[in-house]
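Engineer: For the sequence shown, position 657 (counting from the first letter as 1) is numbered 640 according to our numbering, and the numbering increases by one without interruption.
Rather than coming from a laboratory, the hints here were simulated on the basis of the structure.
We put the beta carbon where it would ideally sit given N, CA and C, even for glycine.
Watch out, some of these pointers could steer you wrong.
To be verified - Derived lysine-lysine pairs resembling DSS-like cross-links, with alpha carbons at most 30 Å apart:
# : residue 1 : residue 2
1 : K579      : K624
2 : K525      : K553
3 : K473      : K450
Stated by the list, open to error - Simulated restraints on C-beta separations:
#  : residue 1 : residue 2 : range
4  : S622      : A581      : 36 to 46 Å
5  : S242      : Q103      : 13 to 23 Å
6  : S434      : H256      : 52 to 62 Å
7  : Q558      : E578      : 26 to 36 Å
8  : P669      : D576      : 31 to 41 Å
9  : R555      : L656      : 50 to 60 Å
10 : A236      : A426      : 16 to 26 Å
11 : Q103      : H154      : 24 to 34 Å
12 : E613      : D576      : 15 to 25 Å
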Amino acid sequence: MASDSMDREIILADFQACTGIDNIAEAITLLELNNWDLVAAINGVMPQENGILQSEASQANIYGPHSQAATAEAAVAPPATSSSSSSPPSSSSAFCPVLPSRHIVERQPRMLNFRVEYRQRTVEVVVEEGSAVGEIKHILETELQVPISKMQLKGWKSGDVSDITVLRSLHLPKNNSLYVLTPDIAPTASTSQNSVLQESLNQNFLLVISHREAQRDYNLNFPGSRTIQEVKRNVSDLTNIPVRHQQWEGWPAAASDDSMTLAASGISYPCHHLSVCRRSSPANNQEPTEECADVHMVSDSEGDDFEDASEFGVDESEMFGMGSSTGCRKAALMPENSENESDALLHFTAEFSTRYVLSIVLRGLCFSNDVEDPCILFYGSISFVCVCCRYGECHPVFFIGTLEAASQEAFYGKARDRKLLAIYLHNDESVLSNVFCSQMMCADSIVAYLSQNFITWAWDVTKEANKARLLTICTRHFGSVVAQTIRTYKTDQFPLLLTVMGKRTSNEVLNVIQGNTTVDELMMRLMGAMEIFSAQQQEDIKDEDEREAREMVKREQDEAYQLSLEADRKKREAQEREQAEQLRLQQIQKEADDEKEAIRLSLEHALPPEPAEEGGEPISKLRIRTPSGEFLVRRFLGSTKLQILFDFVASKGYPWDDFKLLTTFPRRNITQLDPASSLLEAKLFPQETLFLEAKE
């Protein structure tokens, strides 16, 4: 029974998200008329031109002959802005039980949203599809104070239209953008000021944020259109400090409202320094000043476990389904004309989680049949949401970065680590988006399978600028055929899930899964793509292993070759050193020999001439035996000094510093005698035999 109740709560939440019917009682009545068949109920409410799902249940099963049904009055459409005079007055829905023979559910008139820009002013206009163009001009005349006669309404996709043209004939989408031209009205001074502000909104501000506890600085770039609240949320993701616990220093005094843009806050351009830290928590044991139904919340965690609901981006009226009858516009999953893809995907992930995970949890809690006390619902819901958001979010992990970076992550690692690339393309204008996101993309089995086997990248094509940018990216990475295929899909065929496999030379799109599918079919398509990828991956692994084996052999050969070259180089260097040393020694020896030869020649030239045998003076004839066995014979005068004898021996290559001159008997060392003494005094007369002996 509890499971059936929970299923109906989910169906009710999806039905309200798809149809925009905020009145719970009215939505329940419409679902009961269709036996809680979500698709049939949507088909019964949504107009034909906005796309109808084909119900699998027959109308006979929906309206049995004995069923007791109640017809709901036409639900009040979302009103226009305060200037929209064509929107019907808001009223509460009344239900009258009747027993007609044929049950008919009256359909709401289709409402068109127009965002009209005029000189830095933006006016939101909501009118019925059956209205004429002139009614929009009447509303703008009241809002802009511009006469209709001087007003030119531009931006129609079909070209200029007349005031009597019916909007239905233009086949317009639900959301449209127009602009007003007034060439006959000169711009005012305030317009120039607005242009300066508009220029600041387009500038990028560098915020240098110091996290005092972590002793770390963050350099963050934000456009001037980013609000202070958005900056604080981004810093919360980086520092894990909830927004309500952040204490800032450095904001200008004028920046007192978190909804203020950076351009209007008065911060320095192009760089501004800020610091942030965690605000000290108050005592946890303080008694609440107000009690509600004696509810006491018990928690084992610290005070910062409880977060404000505003920090999750969920409005209280939307969270509890108790808002006014005027529906609130959903925030775009991705900002238009975002320059940084990473920032755009961060915004996409946060908004996706808020819209399709957190909002469903909140609605399920608020529609619980077991609890009726509103205070218990409030505190219990907030506490449970905090736990869910911290520990229990279940949605795909979207890759934060460019498509090129996602492709690198998926395709260009090792073969064993490669994955498939899943590209999720979202379109808010498709009736299938809410069901596909909440029931398909957030299913536990799909999330687990995508996380394990895919790198998931997402993009929002609701805005034409974002769609054009996506087509350019796809053309660059996958070719014009894939881009043309995406271009041909109509709005009601979105969302799309593309499975891409990387190949050696190009990337191949295996599947394009449309939004009109079931969880089982989606899982089968993903598994089929994985089967193809696994076969290709095994081939890639085999090729990679063989290539690594070849490269290993080549590396080993190269290493052996390098070692051989190194050994040869060292051997060659050793030989060169040895040769250089030999040359050096030879050069030294040659220089020594040359020096000895020069000394010998000088001594030889300095010797006195050899005297004749028959002279008048006493002659001493000396025979000197060399170490080689040769004899040197020469005559000297008896008065000749021993130094002349030593010089003679040295001139023959036996310097007296290296050799000693000895007599045979008695054995005397002549070199030890006084060189100035004569041969007669040395008793080397008239003849004597001497021999040379090397000194030790």
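Engineer: Taking the hints in turn, state whether each one holds.
Structural biologist: Verification of the supplied hints:
1. With a CA separation close to 23 Å, the supplied pair K579 and K624 stays within the 30 Å bound.
2. About 41 Å separates the Cα atoms of K525 and K553, which puts this hinted pair outside 30 Å; it is violated.
3. Pair hint K473 plus K450 holds up; C-alpha atoms about 12 Å apart against a cutoff of 30 Å.
4. For S622 and A581, the Cβ-Cβ distance of about 29 Å falls outside the hinted range of 36 to 46 Å, so the restraint is violated.
5. Our hint of 13 to 23 Å for S242 and Q103 holds, since their Cβ atoms are close to 18 Å apart.
6. Between S434 and H256 the C-beta distance comes to about 39 Å, which lies outside the given range of 52 to 62 Å.
7. Take Q558 and E578: their Cβ atoms lie about 30 Å apart, and the range 26 to 36 Å holds.
8. P669 and D576 have their C-beta atoms about 37 Å apart, which keeps the hinted 31 to 41 Å range intact.
9. Checking the proposed 50 to 60 Å range against R555 and L656 shows it holds: the Cβ atoms sit about 57 Å from each other.
10. Separation of A236 from A426 is about 49 Å and departs from the stated range, judged on CB atoms against 16 to 26 Å.
11. Separation of Q103 from H154 is about 30 Å and conforms to the stated range, judged on CB atoms against 24 to 34 Å.
12. Hint check: E613 to D576, Cβ distance near 20 Å, so the stated range 15 to 25 Å holds.
Violated hints, in rising order: 2, 4, 6 and 10; the structure is consistent with all others.
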